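Visitor: These protein sequence lines are chains A and B, in that order.
So for the first sequence, my numbering puts the first residue at 3; every next one is plus one.
So for the second sequence, my numbering puts the first residue at 3; every next one is plus one.
Hints are computed from structural coordinates only; laboratory data are not their basis.
Here the structure is a predicted model, which is why all the values come from computation and not from measurement.
Quick reminder that beta carbons are idealized off the backbone N, C-alpha and C, glycines included.
Where hints are given, some of them may not hold.
[To be verified] Cβ-Cβ distance ranges computed for the label pairs, FRET-style:
| # | chain 1 | residue 1 | chain 2 | residue 2 | range |
| --- | --- | --- | --- | --- | --- |
| 1 | B | G150 | A | L375 | 28 to 34 Å |
| 2 | B | S372 | A | L378 | 43 to 49 Å |
| 3 | B | K96 | A | T339 | 35 to 41 Å |
| 4 | A | I230 | B | V390 | 41 to 47 Å |
| 5 | A | A210 | B | K209 | 57 to 63 Å |
| 6 | B | S363 | A | T14 | 42 to 48 Å |
| 7 | B | S312 | A | S376 | 50 to 56 Å |
| 8 | A | F117 | B | S120 | 51 to 57 Å |
[To be verified] Footprint (simulated), chain B over chain A, 3 or more residues, beta carbon under 8 Å:
| # | region |
| --- | --- |
| 9 | 93-103 |
| 10 | 143-149 |
| 11 | 257-268 |
[Said to hold, decoys possible] Covered stretches of chain B (chain A as the covering partner; in silico rule of three or more C-beta atoms under 8 Å from a C-beta of chain A):
| # | region |
| --- | --- |
| 12 | 40-50 |
| 13 | 146-160 |
| 14 | 295-304 |
Protein chains: 2
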Amino acid sequence: MEEKREQVRSVTKSEALFTGITREALIALHETDGVGKLSIANILLYGLSKGKGALRFAFDFLAGDWRDMGLHAKQAASIVANMRPEAVERRLRKHEERGMRLVTYLDHDYPEMLFQISDPPWVLYYRGNWELVRNPAIAIVGTRLATGYGRKVTEDIAAGCAQRMTVVSGLARGIDAAAHSGALRAPYGTIAVLAGGVDHIYPPENKALYHDLVEQGLIVSEIPPDTILRPGLFPLRNRIIAGLSYGVIVVEAAKESGALITADLAIGYNRDVFVVPGQITSPRSIGALEYLRKGAIPVLDETDVFRAYSYILPTKPGNPEAEEASKQTSMPTSNLTSDEALIYNFLLDQPFSIDELTIRSGMTFGHLHSVLLSLLIKRRIHQQPGSVYTVL
Amino acid sequence: MEEKREQVRSVTKSEALFTGITREALIALHETDGVGKLSIANILLYGLSKGKGALRFAFDFLAGDWRDMGLHAKQAASIVANMRPEAVERRLRKHEERGMRLVTYLDHDYPEMLFQISDPPWVLYYRGNWELVRNPAIAIVGTRLATGYGRKVTEDIAAGCAQRMTVVSGLARGIDAAAHSGALRAPYGTIAVLAGGVDHIYPPENKALYHDLVEQGLIVSEIPPDTILRPGLFPLRNRIIAGLSYGVIVVEAAKESGALITADLAIGYNRDVFVVPGQITSPRSIGALEYLRKGAIPVLDETDVFRAYSYILPTKPGNPEAEEASKQTSMPTSNLTSDEALIYNFLLDQPFSIDELTIRSGMTFGHLHSVLLSLLIKRRIHQQPGSVYTVL
Numbered sequence: 003m004e005e006k007r008e009q010v011r012s013v014t015k016s017e018a019l020f021t022g023i024t025r026e027a028l029i030a031l032h033e034t035d036g037v038g039k040l041s042i043a044n045i046l047l048y049g050l051s052k053g054k055g056a057l058r059f060a061f062d063f064l065a066g067d068w069r070d071m072g073l074h075a076k077q078a079a080s081i082v083a084n085m086r087p088e089a090v091e092r093r094l095r096k097h098e099e100r101g102m103r104l105v106t107y108l109d110h111d112y113p114e115m116l117f118q119i120s121d122p123p124w125v126l127y128y129r130g131n132w133e134l135v136r137n138p139a140i141a142i143v144g145t146r147l148a149t150g151y152g153r154k155v156t157e158d159i160a161a162g163c164a165q166r167m168t169v170v171s172g173l174a175r176g177i178d179a180a181a182h183s184g185a186l187r188a189p190y191g192t193i194a195v196l197a198g199g200v201d202h203i204y205p206p207e208n209k210a211l212y213h214d215l216v217e218q219g220l221i222v223s224e225i226p227p228d229t230i231l232r233p234g235l236f237p238l239r240n241r242i243i244a245g246l247s248y249g250v251i252v253v254e255a256a257k258e259s260g261a262l263i264t265a266d267l268a269i270g271y272n273r274d275v276f277v278v279p280g281q282i283t284s285p286r287s288i289g290a291l292e293y294l295r296k297g298a299i300p301v302l303d304e305t306d307v308f309r310a311y312s313y314i315l316p317t318k319p320g321n322p323e324a325e326e327a328s329k330q331t332s333m334p335t336s337n338l339t340s341d342e343a344l345i346y347n348f349l350l351d352q353p354f355s356i357d358e359l360t361i362r363s364g365m366t367f368g369h370l371h372s373v374l375l376s377l378l379i380k381r382r383i384h385q386q387p388g389s390v391y392t393v394l
Numbered sequence: 003m004e005e006k007r008e009q010v011r012s013v014t015k016s017e018a019l020f021t022g023i024t025r026e027a028l029i030a031l032h033e034t035d036g037v038g039k040l041s042i043a044n045i046l047l048y049g050l051s052k053g054k055g056a057l058r059f060a061f062d063f064l065a066g067d068w069r070d071m072g073l074h075a076k077q078a079a080s081i082v083a084n085m086r087p088e089a090v091e092r093r094l095r096k097h098e099e100r101g102m103r104l105v106t107y108l109d110h111d112y113p114e115m116l117f118q119i120s121d122p123p124w125v126l127y128y129r130g131n132w133e134l135v136r137n138p139a140i141a142i143v144g145t146r147l148a149t150g151y152g153r154k155v156t157e158d159i160a161a162g163c164a165q166r167m168t169v170v171s172g173l174a175r176g177i178d179a180a181a182h183s184g185a186l187r188a189p190y191g192t193i194a195v196l197a198g199g200v201d202h203i204y205p206p207e208n209k210a211l212y213h214d215l216v217e218q219g220l221i222v223s224e225i226p227p228d229t230i231l232r233p234g235l236f237p238l239r240n241r242i243i244a245g246l247s248y249g250v251i252v253v254e255a256a257k258e259s260g261a262l263i264t265a266d267l268a269i270g271y272n273r274d275v276f277v278v279p280g281q282i283t284s285p286r287s288i289g290a291l292e293y294l295r296k297g298a299i300p301v302l303d304e305t306d307v308f309r310a311y312s313y314i315l316p317t318k319p320g321n322p323e324a325e326e327a328s329k330q331t332s333m334p335t336s337n338l339t340s341d342e343a344l345i346y347n348f349l350l351d352q353p354f355s356i357d358e359l360t361i362r363s364g365m366t367f368g369h370l371h372s373v374l375l376s377l378l379i380k381r382r383i384h385q386q387p388g389s390v391y392t393v394l
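Please build the complete structure, drawing on both the sequences and the hints.
Guide: Below, the structure written as structure tokens:
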């Protein structure tokens, strides 16, 4: 894989098919060391210039044929070696042994959303339920060093979003892990896009989550197995997170956080950026909050996301019961009767005596008394000296 | 004062002057029990219909004249009693004794901004420095039951805003008090608009702040002295807070909080609403955050406010030194050298070992060591086993 960011013009799927290249040849090129995304694009453009089916017999090409396409001698030799039948066989076995499956740019089940980005992956490796890429998806990203607040709201919002959309993240520490955890058991589930190979568990503490994702979700990577993980792979991974998703929710991110790269990519792909507000004094929120400044959509709960995609989302949530349950955890007046909620809301803004509450609520003293008692039992309010009540 | 919200058409200043009504007569009407804002508007409209100078001799009008304008017998009698020379004299003495001054709708020093609202006050009472109403102003409002976070960011943002704008609030507990405190000693200062009379200190715990405002700021009220404070006066007060200001910053506000009334009034007056983000799990922030949903401008610091009014604000802050000082309190990398800030920002996102920091920073080991030591001494970072550093 090359890390150069200059891009030759992108090759459409029909152009790629026109060259006659086979998915096996595309995989062989993709898995050849020293042949990067741009080299493959150049090969396809060359084939395109040579007419229909020019790359059909790529497996029979000699080193000179590859060099004619502008590749170096070393690249050409590696490709030829990598296209020998025994090499193809070895790769197939390796994929199979590791339980990984492949989808190429040429396949009917390649994710539609990735055709819309400027540098779509040629090959994707996966483990788990590929059907998840058919769902409308929302990415949730943020700092590895999440606060308790960040993890909690990420789990809640992920669980909420996954009632109607699949949650995409990067299986990193912190916000990513919380996003996967929150969405894992919800109807639309969750997809992890890895920076390393699809069989490479990183970071190690997410091992259990990784296996849960293999069982109940989907793990995707563009990176061939055995590729050594290096920093340059993270931005490449981030573009797939953004590319698979309608939008990216940034929960907590310090300035210069990697999560902001994903948000910037999302903007570049004409996707939406959402921000979960946090305290302006929190260094872990400030990078996210700066997107609010630039016009990102604030997210108080999943409805803010659904509202943005109401034209395209399934109208019925996958599992209304689970949705109700997820709502309840985020509402301060959940599990309260309407009278309890009324009193609770009065007390939220300022403490009141029972006399003041009688006037404000219009309840009889006896009924108000029973409502206050119930709120005390539910540990939602506190009684201070002089029968003054405050919220807990 | 009437509390009816239906409004007769508003009367322009030149229309009011056309009727020939004197400021003394306007004050007498305003201070007559049972004669509200709308009654005064009706009197002026009546005068307008009768031709130039029709109300010039209001002090000589008999009860029948007032009744001809549609007033009840009781109102008419009260007005006549209140316009007797000894009543005028008594009122003047009262205002003087209490150190309050008056500005009427007819006066050249009536606040320009209040001419633009649909129901401007006919009379304003004040103590302190009236010149402050000439400044561009920003309101800061929020819950009485502010959190520590709410009070802290309010003070910081008020101090920041008051470098170039006058901060308007309501001298209530919580956010209001923090706004006045933060802005009090800054160049553009602060105005408190009271719901009760300008000499009525409420709540009692803000007594010291009240006196500071009389000395160094401005206390304003529409309410005649000796008016008994009642809930209906608070929304009337809130309209003056919104009316005096280009925009309203909501810091913390629960659902249904009174601060949101001020924000709604601001929208009605075509002013801006700003919101200081907070945690979405905080019941005290949720009312404010819902304005973000509706498109309010997020405020991370005073620059977000200044940016909105860059076309109209003085380009030079009143006191650059104080501005610098106020900035420093809100920046996580304040008081750090550029090298210290660089390392600190690395560590904000994730912990690093000293080896990793050497590579990332490009600093020599010796220099990096001294930077880390300095950050440790400043208590900004923490050293964990294995020479791994995290932020504090």
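Visitor: Compare the structure with each hint and give your call.
Guide: Checked hints:
no. : hint                             : result
1   : G150(B) with L375(A): 28 to 34 Å : 30 Å, holds
2   : S372(B) with L378(A): 43 to 49 Å : 57 Å, violated
3   : K96(B) with T339(A): 35 to 41 Å  : 51 Å, violated
4   : I230(A) with V390(B): 41 to 47 Å : 23 Å, violated
5   : A210(A) with K209(B): 57 to 63 Å : 59 Å, holds
6   : S363(B) with T14(A): 42 to 48 Å  : 43 Å, holds
7   : S312(B) with S376(A): 50 to 56 Å : 53 Å, holds
8   : F117(A) with S120(B): 51 to 57 Å : 54 Å, holds
9   : 93-103                           : violated (count 0)
10  : 143-149                          : holds (count 3)
11  : 257-268                          : holds (count 4)
12  : 40-50                            : violated (count 0)
13  : 146-160                          : holds (count 5)
14  : 295-304                          : holds (count 5)
Checked against the numbered hints given earlier, the structure breaks hints 2, 3, 4, 9 and 12 and satisfies all the rest.
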